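Chemist: Each chain, letter by letter, is given below.
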Amino acid sequence: MNCSTSHINALENEAIYIFREVAAQFEKPVLLFSGGKDSITLVRLAQKAFWPAKIPFPLMHIDTGHNFPETIEFRDRLVEELGLELIVRNVQDSIDQGKVKEESGKYSSRNSLQTTTLLDAIEEFKFDACIGGARRDEEKARAKERIFSVRDDFGQWDERNQRPELFDMLNGQIELGQNVRVFPISNWTELDVWLYIEKEQIEIPSIYFAHKRKVFLRDGLIWSHSEYVFQEEDEEVLERMVRFRTVGDMSCTAAVFSEAADIESVVQEIRNSTISERGARIDDKRSEAAMEKRKQQGYF
Amino acid sequence: MEVLKIATAGSVDDGKSTLIGRLLYDTKSLTTDKLEAIEKTSKKNGYDYLDFSLATDGLVAEREQGITIDVAHIYFSTTTKSYIIADTPGHVEYTRNMVTGASTSQAAIILIDARKGVIEQTNRHFFINNLLRIKEVIVAINKMDLVNFSEQRYNEIKADFTELMSKRDYEDQKITFIPVSALKGDNVVNRSEHTPWYNGETLLQHLEALDLAAVSNVGTPRFPVQYVIRPKTDEHHDFRGFAGKVYGGELSIGDEVVALPSQTKSKIKEIYFYDKKYKTAARRSSVTITLEDEINLSRGDMLVKAGDLPTIDKQFTATISWMDSEKLITGKKYVVQHGVNKVLAKVDTIHHRINPDYSGIEENVTGLGMNDIAQVTFKLNKPIFYDEFKNHRTNGSFILIDTQSNSTVGAGFVQ
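Residue numbers (the working numbering), protein chains in the order written: chain A, 1 to 300; chain B, 1 to 415.
Since the hints were made in silico from the structure, they are not lab data. You may find that some hints are simply not true.
[Unchecked claim] A few chain B residues that face chain A, going by a derived Cβ cut-off under 10 Å, partial list only:
#, residue
1, I84
2, R230
3, H236
4, E294
5, N296
6, H338
7, V340
8, N364
9, G367
10, K390
11, I399
12, N406
Computed from a predicted structure; not experimentally measured. Glycine included, every Cβ here is placed at the ideal spot set by N, Cα and C.
Same shape as in the complex, but just chain B (with noise of 0.2 Å):
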């Protein structure tokens, strides 16, 4: 079994809360007691149908306003793989829901209603997930009941979106199209008999079918020092492990490596997990790393492989989406947290504010607000170790902390 992690993007009453509780419930997922909940209040509201919207909304102000305010994380499994729903909000405001619930995912579902087709927020959902380089993208053309199964409506909306599918500058992603009714079931699990037109698969057979390996963005091998283990027992007196996840690709003993910032050599001379040692350590497992050498190594260090080196530098510019309602202006200072390293930065140049929807850039940008996107160029108080966010997802994304609230403001994706 696999865990397939997948964001959903659609504007209000697109239908997104409905389709992720139709995949609960055709999937049996949804439990008696669950149901017997959505069933007494759709009925409650004078509903005739059952309102899935009711499994996922779980703020009080969302069943009020039968909206989605908040990443919601739903879960469920078939006997091939665990799947996580990331459910975020559709509004215009809340681009930083999208942002938040998209880094973590390795596929997206953009919603799209059939009787309305590509509007100014399928432009957004898609540039986002462009944006973060989501490599598996579904476009489920949903409420197809609505304008009487049409081929010709489904094909005319494939067409709009194919002419956005241009402007995007990643070629790797793969789209799919999928005719769907949320409400009634058609094409998310089972088959519809309305759309004989359509030879694909259903929604969950593609998910089903999609192979993980395949959409993984894997780079070269990079450990950054989470914590370092030194339990100075009688038994473990000189163990020093350097306790991290690796992420890229994987680590064996005997490789030869650098520790950044300092740039000594080592070889790693063993990997355990837990009280086991292994051979190799493989992509994004939590081990502990011994090295042939004593080196100096402590929490936002990096291990990498020699000959392998990320950029090393002390300003880097950056895609930043930003989260918060106070502006983002240029000579304020926040904190970079790059994976587990924090350092102080400057913002030294906002170079322009790039239209989430592929309409083009702004220039002499003073200041950011909540939800712009721009390209950003930071200084910083002490050299980081990067790499560019299409090379390694991991190791070129960040995000920014106001110094005062403490709060996460933003998050970057460096260039």
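Same shape as in the complex, but just chain A (with noise of 0.2 Å):
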């Protein structure tokens, strides 16, 4: 046998290293999910980890009470397969105890709302390092984030004071109060997890695919038509083949046009897109620095 001939087995003995770093280095670890393909290939990481050992930390998802069902369907089913813990908290609680208010108008979204309630689960819980499946490929402030990344007690990416991390050694040493937000698969591109996904025949929600759906355009993007997204009386809804390549919750997540409804035709379709995953990320098209300043107050 040789576990790192091909360029996936090599990233994949790299994410299983970082996960165990995590159970190592941490006291009280939690698995950011979503339910979207990132956050469902780290999990199948953790397995591979820890086997025959459960995964040593639960999973937790902050809900913006916006999501695809499938998404929520999917998640719950997952968990209980694996007899894995999950913990829910509802971006519903932080509007409704009045520490963020819900966005107006045609762009709103609960997407940047999430911070606030990922921040008080943080101290709820006192976890000490929170791992998530972002990668560097997808954003270019991404693209400057270390594996083992420090917040202070507010979450804040301090991008310009950050711990230079050389060779694989992960230095996860904090002050009480602080907290590490992981990165198992930071240097996976967007093809690497559908060739892994592929390869390990992990399964993923049907919205990944596929599917017919009511949707309307607006900016060149294609939006769902749902009871969570504005709509303008003049944005007509129509019925087309889509599918989604990254996916937040409905209201800043676009769609694609696509016919590929399995998992071969949908790595076929990545290979040769001219276009970058979150090209259909509406939070993203806000400005050019968008992500970096939502890292900066603490979103994942």
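Could you use the hints to bring the two separately framed chains together as a complex?
Modeler: See the structure below:
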């Protein structure tokens, strides 16, 4: 056997190493689970890292309440099948507590409101490491991110004063109140994740594959027609074959026209694509520095 | 497919980000939306060309100042290789970022502005690549368009650099020179019409042809125990697996191993990767190993092959790269993280500071400041198991952590 011939195996070995460092260096880690393909991939990698023992930390979903129902069904089934602990914290509660205000208008979304709910949950459970599926290839502010990224009590990312990361040594030493965001698939690209899903035959929510959906067009993006998404009267509802390349909540994720109904066709489509994955993220279109600003405030 | 990690080094305005942007553009790795964003911003800034550095300078401050502040990682792939490029800033004050970027790379690209030639900074860039024992170094002589693609100028720079090469202490390192214009795209991916006198490969051709096995640093197998897996379930009641990554070489079932520090001997019983058993664990694979005998092993301990022991000692001397604004001083205590093992260390002697431009050493040094490189002896509160860096890139390196700030304040290479 040879566990490190192909490049996917090399990435897998690195991710497993990172998971084990988290379990060894932190007292209370948590895996942030969105129901998207990247966090599903993380769950598989964590299984591999600790087998035959169970994954030694819970999953947590910061629920905006505006999810695709397919994602939630999938989440609950996965957790049950693997016997994992799932914590859910709701953005709605943060709104009800008056900590954040619902955005209004045409581009309103609960995406950035998640930060407050996340930081409250970190404090509630005293989590010292939050594992996430962010990748450096997604967005240029994320390209500057460390694998172990230290955040202060306010969850802030001090992008200009990051710890150097050398060789594969990960320094997880922190002070009380600080926490570390951990990104085991930092070095994976979108295509790598899809190739891995294909190779491992990992099940993912159906919305990643082509399906008929009621949508409308705005600013060159395909929006889901839904009670959670504000729609102008003159924005016509169409029924089209679409799929999602990235899954956030309904108000921040746009679809792509696609006929790719199975994993092989999706991989082929990604290979040939001329648009980046986050090109369909409405939240990134706000400004060139949209991600950097959100990250400084504690966003994932 | 293979993964090749490349570090870049160049001074401010040598065109590093532009070169990376050009690689992305000519390999069609830049997607339409990213390209549109670059076109829009280039136009807004009043350029009549596409500013490819916008593809990599991810922070607001970087775009404002037109400089790279922090290491960014850029990804692209061809049909033969997956590439990860560490875009490291070139300012003098950012040596730490260069060391950081180079620490995970197997190859490096050093950029030289053809108008300026080999400058003091070039010495530093080459020095760091030597210090970190990067096997494959590509010297990209950039901005050839601004010297009329002069062969004579190219040869002058090549001669100057070759003189620099005589100062290194690392003979295995391979150096390749390529005349390029990152801005115009000459010899980056596509062959230039302007350099008929150059018969070598373009930058991408060269990277594509690199043999990964040849640029990897192979040593003897070392297995630092990262985590002990004890499921305690009915099905796996007595399972006691040692999880870790294999460095330097391979380990196989039946291999006689010695556990450090106890020096207890045993044999490898099983090798697991997830739920499957394998006969051999390849270099750099993250496996779980079980042993024939019940011996006491925990995180930070190490398994090595019998008859192939590393040095076991409570002190060592290393070349260190200091990365913090607080000075390193004699007598101060730091945490040494050597792989996954942590020990408390005291600075015993600072022997001398090494000028990172091959201009010699400075003796009688009392403290080290940010970006200093020096030879230092540490005394440890318990022994570690190390190899010399030149023989083992993984087991010969460590980081230094400040006991109060918890920050990573330095990196070291054991001598």
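Chemist: So which hints don't hold here, by number, going up?
Modeler: 4, 5, 8, 9 and 10
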